[in-house]
Amino acid sequence: MINNNRHHSQFQLALQRFRGNKTAMACVFILGFLYFSAVFAEFLSPYSYKDEQRQYSYCPPTPVHFFDQGRLTWPYVYGLQLSFNEFYKREYVTDVNTKYRVKLFASGESYKLLGLIPTRVHLLGVESPGRIYLLGADSRGRDIFSRLIFGGRVSLSIGLIGVLISFTIGLLIGGAAGYYGGRVDNYLMRLCEMVIMFPGFYLLLALRSAVPDDFNSVQVYFAIILILSFIGWASLARIIRGMCLSLREREYVLAAKSLGVNDFHIITQHILPHTLSYSIFAVMLSIPGYILGESALSLIGLGIQDPFASWGNMLSDAMSIVRIKFAPWILWPAFFIFLTVICFNIIGNVLRDCLDPNLKGN
Amino acid sequence: MNETLLTIKDLSVTVHDGSEKKILLNRICLDVPSLSIVGLVGGSGSGKTTTGLAVLKLLSPALKIDDGEIIFQNENLLKIALSKLQQIRGKAISMIFQEPLQAFNPVFTIGYQIEEVLVMHTTLNTKQRKEKILSLLDKVGIKDPKRVAGNYPHQLSGGMRQRAMIAQAIAVDPRLIIADEPTSNLDVTLQARIMELFLQLRDELKLTLLLITHDLGMVSHISDRVAVMNQGQIVEQGITKEVIENPQQEYTKKLLGNIKF
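Protein chains in written order, with the working numbering: chain A, 303 to 664; chain B, -14 to 246.
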């Protein structure tokens, strides 16, 4: 009888409320789309992130044409001819005599899909020597669209992995401080305060300078994640500690102790799950911090290094007003950073409202 | 009489309230013979729960054990290392609490929480644990063990919850169970049934029971020995029948008076 007439758990109710919020669901779909494209970056991008063609430096987006002399045809792009005007400014003239059909599932550079399946198939492509720059090209003639997708892989994953590490640390330290209290609490909290005390960005720079400069890109990537999570755990630990101080007085904690359950198990199984509703939206709200942190480091050239792409180091191209004026498409990474950050923030805020048990009625 | 399983000797517990020192337990001495049921009776605030918690060193950090010995199977529980104590908690001595709704973690199923004890103290594999859980729930008189194991604490009735709690306490065959007001929140018929269950379990599992309660009447029915506590002291103890029939202390008489209308 109970099984037929199940009432909804707190979490299910929250999820129901969340689903009802159109803005939040739209954000979920946008993020889902971005993460999806990051996973299948090689397939979705026409070119590789390091496929450079110097003669197409700052090439503007190539328009895809659907009509040929007033008739609907298979989409195609025109060839481009580089020329210099009287001020020696680069100009790309469309060559209406050469047309390149945009091919679906075109074969291009070979890669391994998901790191497993070797293939050459790309979603879009044009025949060489034609180039398709959906969102323009950067200084070295690399496709910004492709690099955005590859860059998303770095920028988006740093948020998730960073949050995972710093929340594990934060939850365990906060949990231990709150659970044991007394001297342990005192030491751990002073440690937290020491981390919080430093202005985040300067601590980030200082820690980055402590990383050896002969690291390769993968090592730098993980170093950045570690640095960002090292800065991020402290404020969470403080809040979790406060919640644990009251949670440890619950009778089921005493009961678990009386049954010989060890401390680690009590903290992780009996105390921390009760901070879940807070942690969930705290996670969502802190992911943008990691994405912005990585972008900031890469922007000033301390993060991911060329030719590897991240939204931050792509933006470093856009640090001069002249370039933005002549090639505004190099600002695309900024738009995606903005989009991702705002999506996470909206989801976080809506989740907070949804998980608040006081809002049950609506 | 059987050998003594648990001996509490001169146990004193104090709480430091600022500069003031308040005595909660004053030189408690209590013997719990093997396979017996001992009732620890007293009014609110008399220190019976404190005594029970002190046996497993579960007192809150504010309370200090000043003096005394708690000897269980020839070992002083107050002196042994925490890791060893954790082997005793649940495995050799387990506790049953007054409010099973609060003593169970609301976010886990009953089955999961019984399993937790099995994971901690036994080497059974997953399948064996599942079977053990069902047999435990069956043993404490739950008719539909499979369903109950999958239920959350709030989905059960008070009596069922208390039975589930007992199942958890006997999960790894402890020698001693400290039951802290196990039936105070249940109605009279349920109280009687739970008490019957205790008697039955004692015989089946060779258990010893330290029953903490304010209800002298209930204790008198099932316990072999009884100790009466008042204001942190044991004022009277002895074989139940003798204490009930011939109380020596005013306080015991008062408690008895209460139940005889």
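Careful, some of the hints might be misleading.
[Unchecked claim] Covered, in the sense of this in silico footprint (three residues per stretch, anywhere, with C-beta under 8 Å from a C-beta of chain A), are these stretches of chain B:
{"id": "1", "segment": "98 to 106"}
{"id": "2", "segment": "170 to 181"}
{"id": "3", "segment": "222 to 236"}
[Said to hold, decoys possible] Chain B is nowhere near these chain A residues, computed Cβ spacing over 12 Å in every case:
{"id": "4", "residue": "Phe407"}
{"id": "5", "residue": "Ser622"}
{"id": "6", "residue": "Leu641"}
{"id": "7", "residue": "Val643"}
{"id": "8", "residue": "Asn647"}
These are calculated hints, taken from the structure and not from any lab test. Each residue gets a CB set at the ideal place from its N, CA and C atoms; glycine is no exception.
Evaluation of the provided hints:
With 4 residues carrying a beta carbon less than 8 Å from a beta carbon of chain A, the segment 98 to 106 of chain B meets the three-residue requirement, and the given coverage holds. With 0 residues having a beta carbon nearer than 8 Å to a beta carbon of chain A, the segment 170 to 181 of chain B misses the requirement of three or more and the stated coverage is violated. For a cut-off of 8 Å, the count of residues in the segment 222 to 236 of chain B with a CB near a CB of chain A stands at 0, and the three-residue condition is violated. Chain B leaves A/Phe407 outside its interface by the beta-carbon criterion, the shortest separation being 46 Å against a cut-off of 12 Å.
Listed as outside the interface, A/Ser622 is consistent with that label: its C-beta sits roughly 55 Å from the nearest C-beta of chain B, beyond the 12 Å cut-off. In this structure A/Leu641 is separated from chain B by more than 12 Å, as the shortest Cβ-Cβ distance comes to about 35 Å. Chain B leaves A/Val643 outside its interface by the beta-carbon criterion, the shortest separation being 32 Å against a cut-off of 12 Å. Consistency note on A/Asn647: stated as away from chain B, and its beta-carbon is indeed over 12 Å from all of that chain's, at 28 Å minimum.
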